[in-house]
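Participant: Each chain is listed here by its residues.
There are 4 protein chains.
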Amino acid sequence: MIVVMAKDSSAEHIGEVERRIESHPGLKAQVFNGIERVVIGVLGSIPPDLKDEIELLTGVLEVVPISKPYKLASREFHPDSTKVVVGDVVIGGSEPVIMAGPCSVEDEEQMVATARAVKASGAKILRGGAYKPRTSPYSFRGMGIEGLKLLKLAKEETGLPIITEVMAPEDVETVAEYADILQIGARNMQNYTLLDRVGEINKPVMVKRGLAASYEEWLLAAEYVMAGGNDQVILCERGIRSFEQYTRFTLDVAAIPVVQRMSHLPIVADPSHSTGRWYLVTPVALAAIAAGANGLLVEVHPNPDLAKCDGPQSLTFENFDALMQQVRSVAAVRRSPVEVT
Amino acid sequence: MIVVMAKDSSAEHIGEVERRIESHPGLKAQVFNGIERVVIGVLGSIPPDLKDEIELLTGVLEVVPISKPYKLASREFHPDSTKVVVGDVVIGGSEPVIMAGPCSVEDEEQMVATARAVKASGAKILRGGAYKPRTSPYSFRGMGIEGLKLLKLAKEETGLPIITEVMAPEDVETVAEYADILQIGARNMQNYTLLDRVGEINKPVMVKRGLAASYEEWLLAAEYVMAGGNDQVILCERGIRSFEQYTRFTLDVAAIPVVQRMSHLPIVADPSHSTGRWYLVTPVALAAIAAGANGLLVEVHPNPDLAKCDGPQSLTFENFDALMQQVRSVAAVRRSPVEVT
Amino acid sequence: MIVVMAKDSSAEHIGEVERRIESHPGLKAQVFNGIERVVIGVLGSIPPDLKDEIELLTGVLEVVPISKPYKLASREFHPDSTKVVVGDVVIGGSEPVIMAGPCSVEDEEQMVATARAVKASGAKILRGGAYKPRTSPYSFRGMGIEGLKLLKLAKEETGLPIITEVMAPEDVETVAEYADILQIGARNMQNYTLLDRVGEINKPVMVKRGLAASYEEWLLAAEYVMAGGNDQVILCERGIRSFEQYTRFTLDVAAIPVVQRMSHLPIVADPSHSTGRWYLVTPVALAAIAAGANGLLVEVHPNPDLAKCDGPQSLTFENFDALMQQVRSVAAVRRSPVEVT
Amino acid sequence: MIVVMAKDSSAEHIGEVERRIESHPGLKAQVFNGIERVVIGVLGSIPPDLKDEIELLTGVLEVVPISKPYKLASREFHPDSTKVVVGDVVIGGSEPVIMAGPCSVEDEEQMVATARAVKASGAKILRGGAYKPRTSPYSFRGMGIEGLKLLKLAKEETGLPIITEVMAPEDVETVAEYADILQIGARNMQNYTLLDRVGEINKPVMVKRGLAASYEEWLLAAEYVMAGGNDQVILCERGIRSFEQYTRFTLDVAAIPVVQRMSHLPIVADPSHSTGRWYLVTPVALAAIAAGANGLLVEVHPNPDLAKCDGPQSLTFENFDALMQQVRSVAAVRRSPVEVT
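Chains as they are written, first to last, in our numbering: chain A, 33 to 373; chain B, 33 to 373; chain C, 33 to 373; chain D, 33 to 373.
You can take every hint at face value.
The list makes no distinction among identical chains, and a pair is therefore deemed to hold if it is satisfied within one copy or across any two copies.
Quick list of in silico lysine to aspartate or glutamate cross-link-like pairs, DMTMM-like style, CA-CA up to 25 Å:
hint, residue 1, residue 2
1, 103, 87
2, 235, 205
3, 83, 68
4, 151, 178
5, 103, 81
6, 39, 249
7, 151, 139
8, 60, 337
9, 100, 87
10, 83, 94
11, 39, 54
12, 83, 248
13, 100, 337
I should point out that these hints are in silico values taken from the structure, not numbers from a laboratory. What you are looking at is a predicted structure, and each value in this text was computed from that prediction instead of being measured.
Hey, can you work out the whole structure from these sequences and the hints?
Facilitator: What follows is the structure, given as structure tokens:
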């Protein structure tokens, strides 16, 4: 941590900053006299609230953190990429893993038909919402436990592991009974009670990026889960909120290589929620794969125009199959060695 | 709801849209032939997911909602301003109500001293956090129930009603035993399980605006609480996330008159969290009052530079007292009739 | 255009809106009685300021434009994709066109060496800045006309056509003498004097998206150029400003398929400026190609760490060559027909 | 400037960074060994592009600038507040200065009537657009020089000095003949050719904040003007672009006290353009004054619903007069000393 003093700060102000830093056991202050101003470096393991404490001492212009506030999620501390394993599916390996299925579970026929179709096209994991976060209290909010049972049925029919969202801390245990991967939705990325709870279970957790979350805040959400003892965390870029509102959200495709540099956790992308329009799903999905995503989360529905939720962004079976062919080809380009001439 | 057809949509496409609209009981479609294109109006009480359903029919260019998705929170449906009453304090009346206290409850001395000081300066409600949402899992996360007990003690000493945050659905009942107003934090504005739960209690609820929430989404969060049966809802503008990051968030001061036009619910502002710096709190607080805010939520601490949380944005007792004098004067300007020459 | 009346608007208010609409020659108002409210449709060719005029009549709740304000740039009015031809290079055809070169022109050796290297790797157009927009007045602002001469020299040596930025209306003529494509920078996207001026020349113009420009505003900037008589316009997505500031800007990859749907103009992407970091350029460039971009604008420098401008985001010759190999492979995937099973 | 090295950087990497820093005449590197990593401080007067140069050396994790890139506009270097004097009007003194008038100049009667009305209500400066930046090429773009002449006429009638926008470098001289203050619009805040040109004249210049400009970029735009030799610069907060689009822009009220701390230049606010709706102008204007703004820029029109431009955000004479009464009262609160109890 670096403390930048104002140009006109006095020797007393500087002394007080030093004193306050060194009042924390194990910390040392080192003063650095520049031409325009004095800068004080802090040596030692920085407590998370030290920045706040020092920032309001008289004469302090700015406090610049140097160490990142996340450790468990950081690649600097864990150079090897994490692989999250679900049955024989490896997320974070050499192949992107496609997770597909309807926005919300509606009935047995829909689930089983969709599971079979996405499996036939190459999806490795089945998605489907039983508990649905909805902006309006009057929208369809999911089938709940009945939905979980239909997901299980579809899994039995096809062998596809299941990913589904959990919204309430008290549902974590139940959802974990049925699901192979628990999903934390974007709106709950900073629902710390929920993050603490999924940190205690022994199942992989996918943390979607919040609508307004910086990379650092997103990795800190993963850190919450990992600090609870669960290190099987997958990140999911699903679009941020920007001023552009033709698309539902703005997929930040650079997040993929950035997060792969900052963190060892696998990262997938959700082209369906980010765009909100089915005809944008394929180009954006291919973009994510080309950028190096470890997987995709894609909404597929037998009859998008009859879907109870998010129909406009769901692919038909045919469109999904076409997407999968292109995904495989783009992934092959990413894998093939480049010959430097 | 208005359905805009693409220029080249056929009579069949138009017919299918009509048919789909009228397949919902009580809805009627009315076709409107423009010069460049056809537009179809929908008459009747629109189900929340109809937009999604119609949007992906062939030939549809755009679906424009006309009715707002919130009803209970809407001023159009409830023209009279709501007054939320807590003991003898009226939020939404002619006087702005100031709620003040420390970011987090730390000990008895701090709480009682702060309660006395803010009361002496004119605050009507005591704030203090017992459950603290923190970006990092390693930061101080509040005293929990012990904090609630200290808040109660400070209330007994001063008579000030209490506002405090509730983060987890399972804590709602406990927090409601101690608090006079329950606060939903910005990060939980779309934690629907929590909103449902506070909708079932009989205590006022303050809903802070999410970091990336539009006015409509914010009012829909209030609608969740009201749809549960609790109509004592207060809104709180606490800054949105923008590209400008010198301040922690960007206080959207226009939100105050906008929300007062869209909704009948009282709205207060939080100048402490939005700015993140104590020297910005007073000008921004006065701005909010001048814009017509029904109250303020202000962080005050006996020794900001020793606070366990958010010290940099807390006012000293002296600064708070000075603020209160100015608040009263600005509020008087807002109240006094203007003589049109 | 649709005028939505407030629930409590009177017959007189509605009559006044009708009267005002029909006071414009050629416009007709058509009233549409809904259950909750009245909506008035406007038939005819809408003048651009009509929305403003109607919006403040008493009883009007909202005015919803239906027609888009751009015509010349719109695909609805010009279904065929535009191909911009520069010598034997076609931008908007089946192959993505790569434009590469240094951020700023520095000297003959740098320009000629870079031109040769990027040509050898497959670039079809040479980029290089002679007039540089810089945030600080104290940064290197380009070589001006001497830079244009060096670009011309590099063109003579390699045969590569040139794209370069023009910043001032009075430089348009001079820049057009040397350049094959004139570039309008993001900061000048709404510099209307400049847009008017490049609308009068007979050379292709690339319009970069403004940092805070919506798709519609961007297409209106293209419309300015086209309204001046120049229909050889290329669009360039170069990242928008969002709250995320680890990258310089946020490349909005969905802009590519969206703009291709809204407009007939070719669209390219700039992975260098959007990310600001060389190690992000390749993944983001491939993402743009996978999403269907008609080309790329890439910064390449013989010695990025000695560049006078934007070194951190420039690729070396080796990295650029590796990128080109992958670009070709991803572009091939986009082109190859998908067999629907 | 502080250079943060990666955890695993070698002694050679560190040595190379030192060498590169010290290759610049007058700079010195000072290495600082932390527990987790090495940090290198740079002493001396930092060239503007050094950050870019160092950032891509091997082993460098991050480069943190400490000095601000603006000097002439900085309060640290110029502690006394600047007063811009126009005739007997002082902008930046103890009284807020209200500048009012129509969005665009339309005819003599409109200009003279408006000038008289706003003067009677207490405005000190007359605003009016002769050159209008418009998003669509088909909107009314102002009367040009004829508009300047009408402004001059209104000045002769009332004695009010004039502020008006200049859009093109080649118009600067002409506009400066007629205007007392030249306005640089938000869309031109980074039109560096224009900034350079107004830096050469001897008239005050108002620099509006760009839609997506950070405080630092805005102050650098002022720095451009000042670096040209013109130190009579006024800043204007007119709303930034955020995800919230009910209002045209989001007025960042905290910008007022922040800029007053960072810079010695006066700052005014534009409640008309930021909100885009007349009924929001008064509350937002009062908020800006309460926050300490040195003035306001307000759109006033004799008949807003017949205005050729921005009618929906213009005040009538009556509403403006009522606003002025409240402005005076709020300004008096800001000025009156607060008695600390």
